[in-house]
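**Q** Go ahead and model the full structure; you've got the sequences and the hints to work with.
Read off the chains here:
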Amino acid sequence: MTILKDVRQAAQHYRERSFSATQKQPDIDISHQVLLYVEGLSVSFDGFKALDDLNLYINDGELRCLIGANGAGKTTLMDVITGKTPPDSGDVYFGQTIDLLGKTEAEIAQLGIGRKFQKPTVFEQQSVFANLELAMKVNKGIASTLLAKLSPSELDWISQVLDIIGLKSHYKMLAGALSHGQKQWLEIGMLLIADPRLMLVDEPVAGMTAQETERTAELLTSLAGERTVVVVEHDMEFVRSIAKTVTVLHQGSVLAEGSMSDVQNDPAVIEVYLGEEQ
Amino acid sequence: MSAIRNQFSSWHDLREKAPVFLAVLFGISIYASACNLWLPEDSMFYVSTYTITLLGKYLCYALLALAVDVVWGYCGILSLGHGAFFALGGYTMGMYLMRQIGDRGVYGDPILPDFMVFLNWQELPWFWHGFDQFWFAMLAMLLVPGLLAFVFGWLAFRSRVAGVYLSIMTQALTYALMLAFFRNEMGFGGNNGLTDFKDLLGFNLQSDGMRVALFLCSALVLALAYCLSLLIMSSRFGRVVVGIRDAEDRARFIGFKTENYKVWLFVYSAILAAIAGALYVPQVGIINPGEFSPLNSIEVVVWVAVGGRGTLYGAIVGALLVNYAKTRFTAVFPEAWLFALGALFVSVTIFLPQGLMGLFRGKKFPWVKRWKTGEETR
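Order-wise, the sequence lines are chains A and B.
Counting along the first sequence from 1, when you hit position 228 you're at 228 in the numbering used here, and nothing is skipped either side.
Counting along the second sequence from 1, when you hit position 265 you're at 1265 in the numbering used here, and nothing is skipped either side.
Keep in mind that a hint or two might mislead.
If you want a taste of the chain B side facing chain A, the calculated C-beta under 8 Å gives, among others [what the hints assert, rightly or not]:
(1) ILE1004
(2) PHE1008
(3) ILE1232
(4) SER1235
(5) ARG1236
(6) ARG1239
(7) VAL1240
(8) VAL1242
(9) GLY1243
(10) ALA1247
(11) ARG1250
(12) ARG1252
(13) LYS1257
(14) TRP1264
Hints were generated in silico from the structure; no laboratory data involved.
A quick note: this is a predicted structure, and the numbers were derived from the prediction, not measured.
By construction, the Cβ of each residue, glycine as well, lies at the ideal position given by its N, Cα and C atoms.
**A** Here it is as structure tokens:
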């Protein structure tokens, strides 16, 4: 578990060095061990119910996998949590006290919720280094970005993340020139560098080689505990390799939840989803 | 790796790029000014006052193009209404120049400009007060367009209007202002606009010395605006803005309030355009509602596209070249100019998406970049 050590050390290091400089970390009340509450969530687009009375509880430090067929509502759920799509009804709470609904994407990101998109989305016209620099957890106001200077500790932190995502030798390269898998890694790096409390990762291994997939699995498992990670993935092998708890979505609500083997043996799941796979 | 820290400082780009630009700009303007002031008129190297004024006008256009490049080239906001800010800046300067005429107008009224006497107005409208002071006019020149850009940007960007819809709205903005300024009741000289200016800060606008001073002033302001924009665009702010252009969602989800960035960039750009307008009016001697015409704003976009977006100097070169071509072309074959301009825009868009500057940067074909991996642009 070398990656685990790397990530923890780097993050620790960074926090110690620049703690006073960064913004105050918002207090997240997790007295009931639950970091994210999603209750009675419904969203519909032109009459199509993308989410239908969905309930989901993510514990602090957990690694949770969301699976489900296309149109099951996985991405819509992420859109609602990160403030992109306003729901028709329901509640989303971060910890016991912070209501996420009605907050903008930027506010939610600053609370410590990071998101990786399904299609890798990086700043293609800028270097890998600049991509990480922009994603760093720093004051994101206009005045401070105008005057911002890269401090030595920030440089260290970027350099360590470059190590972790294996793009150290490509740091000058335009992000647009990276391969698909490398873009995925860069985007994961952009999440890591923001030091988020909750990471929402949409299809992290699409387009990756077997080795890259393995490394991603290692990275995500190592992050759990320290951070809370929610992964949406279609690749069943991958899910099997990382998941402790799996939630199956079907037509906008939760169909089953439990360990991978529980879920696999659930008759309802076999009928609608896994049945087709096996 | 630690060398990159220097490259990520805003001053790095300024040191790299500004000296050549400043040397060329000041070299040419000082040379032209000297040849105008100190050479006899029959000398081979004499530069006529007409040419000086023409060059001064080009520099104002270059500043306007720079303003459009800042929002379009760097942030992807295609404004087809920047002429509105240019014209508003011009009108504030024009109002000051009108008040400077005093009783030397045709009707000899010490307070009221000629067109108000002609309309039988008895009193100066409230919004004309204060414009006899240069500082007040300059303040209004910055604040009025700045405020308009802020309100417009705030409404548009908050509602997440983008792309073609935003372009159409900017076009409507300038068109609406044009119709409003055409009305005599608005109190800005209606159809005829403001003209017949005599002097600026006590100096006769027709004198050679003043012409040269205005020309040099335009060069100086252009140089300052270029350096300031370069500093802004190579700061982290500039990288955020480019990020917004390429992947706005990504920028939002890493915590940037992209609307605010766009609003302030738009305001900055509008103020640059207004300054360009204010320098333009004393040199050409007139400002009328025609400056608000949507066509003018579209022409600016063509200049920037021809020169090359997102480089700052590209916009300036584009503005100078296209306007020089326009001057020559309209003298020979005036009816065909708009067709030529349209053809130019189409061919640049198809064959030179990075503009003329793209030729020099070796990026004529964007896909070449993918092979040249490891290439560094910043």
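**Q** It remains to establish, for every hint, whether it holds in the given structure.
**A** Results for each hint:
1. ILE1004: 6 Å, holds
2. PHE1008: At about 5 Å, which falls below the 8 Å cut-off, the nearest Cβ of chain A leaves the hint on PHE1008 (chain B) intact, so it holds.
3. ILE1232: 7 Å, holds
4. SER1235: It holds, given that the least Cβ distance between SER1235 (chain B) and chain A is near 5 Å, below 8 Å.
5. ARG1236: 4 Å, holds
6. ARG1239: 5 Å, holds
7. VAL1240: Since chain A brings a Cβ to about 6 Å from VAL1240 (chain B), closer than 8 Å, the hint holds.
8. VAL1242: Where the cut-off is 8 Å and the nearest Cβ of chain A is about 6 Å from VAL1242 (chain B), the hint holds.
9. GLY1243: 4 Å, holds
10. ALA1247: It holds, given that the least Cβ distance between ALA1247 (chain B) and chain A is near 5 Å, below 8 Å.
11. ARG1250: With a closest approach of 5 Å, the ARG1250 (chain B) hint holds.
12. ARG1252: Constraint on ARG1252 (chain B) satisfied, holds at 4 Å.
13. LYS1257: 4 Å, holds
14. TRP1264: 6 Å, holds
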